[in-house]
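Undergrad: Sequence:
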Amino acid sequence: MRVLPGELAVCRLDPSAGLPAWAMHGPFTAFTRTADELSVICPQECVPAGVLREPGWRALKVAGPLGFTMVGVLAGIAGALAGAQISLFAVSTFDTDYILVKQADLPGALQALRAAGYGVKE
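Per the numbering used here, residue 72 is the first one in the sequence shown, and the count goes up by one each step.
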């Protein structure tokens, strides 16, 4: 796993909103639209005032690509973090998974993951 640079924010927009140009910068951006919301994850410094957000997240990239038949990757990571009482926010792409933890929890998350046998580069 590798820790990505910078802090991210998880934002909530109206489900009918277009994809915001302000979110298209930095090493990580993700969009998820449902009938209830448009969720945006992007560098927190890109989020304009007035947007509902939860700042202070750090992303860890799981080395990939991960095949769709691989079983238990997220479960193992989630179990290691749950054992350390650390909450996570998971995002998956075609090639791999990203685990978001709060900046304040990052040192403990890295310690828990390493103790569970995961290699993590900072």
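Don't read these hints as lab results, they were simulated from the structure. Given the structure is predicted, the values throughout are model-derived calculations rather than measurements. Idealized CB from N, CA, C, for every residue including glycine. Treat the hints with care, since some could be wrong.
Unchecked claim - Computed cross-link-like contacts, DSS-like style, restricted to lysine-lysine with a CA-CA straight-line distance of at most 27 Å:
1. K173 - K192
2. K173 - K132
3. K192 - K132
Stated by the list, open to error - Computed spacing ranges between beta-carbons, pair by pair:
4. M95 - Q156: 33 to 41 Å
5. R73 - D107: 17 to 25 Å
6. F102 - A186: 18 to 26 Å
7. A155 - A134: 32 to 40 Å
8. G150 - P119: 16 to 24 Å
9. G188 - A161: 16 to 24 Å
Undergrad: Honestly, which of those hints from before does the structure not fit?
TA: 5, 6, 7 and 8
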